[in-house]
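Peer 1: Sequence:
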Amino acid sequence: MDNTVLGKDFFNRPVQRVARELLGNDLCVVQENGRIIKMTVNETEAYDGEKDLACHASMGKTPRNEVMYGEAGVIYLYLCYGMHWLLNIVCGDNGYPAAVLLRGTHEVKGPGRLTKRLGIDGRLNRKTAIRSNGLWFEQKKSACFDIKTGPRVGVTYAGEYWAKKPYRFWFSKPESSA
DNA sequence: ACCGTGATTGAG
DNA sequence: TCAATCACGGTT
0 MDNTVLGKDF FNRPVQRVAR ELLGNDLCVV QENGRIIKMT VNETEAYDGE KDLACHASMG
60 KTPRNEVMYG EAGVIYLYLC YGMHWLLNIV CGDNGYPAAV LLRGTHEVKG PGRLTKRLGI
120 DGRLNRKTAI RSNGLWFEQK KSACFDIKTG PRVGVTYAGE YWAKKPYRFW FSKPESSA
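For the first sequence, numbering that gives the first Met the number 0 gives the first residue as 0, with consecutive numbering after it.
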């Protein structure tokens, strides 16, 4: 009984919808030692096109953000503040720059700590999120309910309109009511 | 609150 | 070339 792997069809949709529906599914990574880590996604953010002033593509295509203009389901990993690798998956139609940021799982809170725990870095940038590349997503049957939305983190520079957009999505385990 | 850290970016 | 900026996290 194979778990369903989320593929291009899943990510090739409006990024807000992908960000919301990715919650509750498993992020899977093969470590250097061959061991597989699986964690439940519980926080995401949507970055939606050149019009979105918080999106890396807001200034048009550059060497760094070029991958966002490509095929859905491809990994976008970039170094933030010189220290932290941030994991994104390209979403939407080819040619339209959008991506969902993986901000956290039930096991690890924070986008920088997440990649550190997973042991991933820029080597995965521009690779497709499939098992043979060592990073993929598996659909989980467990219900994901009570999804919350709110402003994205650390994007005040984008101006009030885009900074306040409810493009951040998260939910809590039933056990932890807090 | 403030700072480490270095790639990225646009300007000169 | 150069300096400002930055989708963070740890410490004060």
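Derived from the structure by calculation, the hints contain no laboratory data. Quantities reported herein were computed from a predicted structural model and do not represent experimental measurements. A few of these clues could be false.
Unchecked claim - Here are the computed lysine-lysine pairs in the DSS-like style, where the Cα-Cα straight-line distance is at most 25 Å:
id	residue 1	residue 2
1	Lys108	Lys37
2	Lys147	Lys126
3	Lys115	Lys126
4	Lys60	Lys140
5	Lys139	Lys50
6	Lys163	Lys50
7	Lys163	Lys37
8	Lys50	Lys60
9	Lys163	Lys147
10	Lys60	Lys108
11	Lys126	Lys60
12	Lys108	Lys50
13	Lys37	Lys50
14	Lys126	Lys164
15	Lys115	Lys37
16	Lys37	Lys164
17	Lys140	Lys50
Peer 1: Can you confirm whether the C-alpha distance between Lys108 and Lys37 stays at or below 25 Å?
Peer 2: Distance of about 14 Å is within 25 Å: holds.
Peer 1: Are the Cα atoms of Lys115 and Lys126 separated by 25 Å or less?
Peer 2: 18 Å, holds
Peer 1: Take the C-alpha atoms of Lys163 and Lys37, compute the straight-line distance between them, and say whether it is at most 25 Å.
Peer 2: 32 Å, violated
Peer 1: Take the C-alpha atoms of Lys108 and Lys50, compute the straight-line distance between them, and say whether it is at most 25 Å.
Peer 2: Given that 25 Å is the threshold and the Cα spacing comes to 29 Å, the pair is violated.
Peer 1: Straight-line Cα separation of Lys140 and Lys50 no greater than 25 Å?
Peer 2: 35 Å, violated
Peer 1: Is it true that the CA of Lys126 sits at most 25 Å from the CA of Lys60?
Peer 2: 18 Å, holds
Peer 1: Need the status of pair Lys163, Lys50: alpha-carbon distance at most 25 Å?
Peer 2: 14 Å, holds
Peer 1: Holds or violated: Lys60 with Lys108, Cα cutoff 25 Å?
Peer 2: Measuring from Cα to Cα gives roughly 30 Å; hence the hint is violated.
Peer 1: With a cut-off of 25 Å on the C-alpha distance, tell me whether Lys115 and Lys37 pass.
Peer 2: 14 Å, holds
Peer 1: Please verify whether Lys139 and Lys50 have alpha carbons no more than 25 Å apart.
Peer 2: 33 Å, violated
Peer 1: Given the proposed pairing of Lys37 with Lys50, does the C-alpha separation stay at or below 25 Å?
Peer 2: 34 Å, violated
Peer 1: Just to be careful, I want the Cα atoms of Lys60 and Lys140 compared with a cutoff of 25 Å; is the pair within it?
Peer 2: Given pair Lys60, Lys140 is violated - Cα atoms ~38 Å apart, limit 25 Å.
In summary, the structure is inconsistent with hints 2, 4, 5, 7, 10, 12, 13, 14, 16, 17 from the numbered list given earlier, while agreeing with the others.
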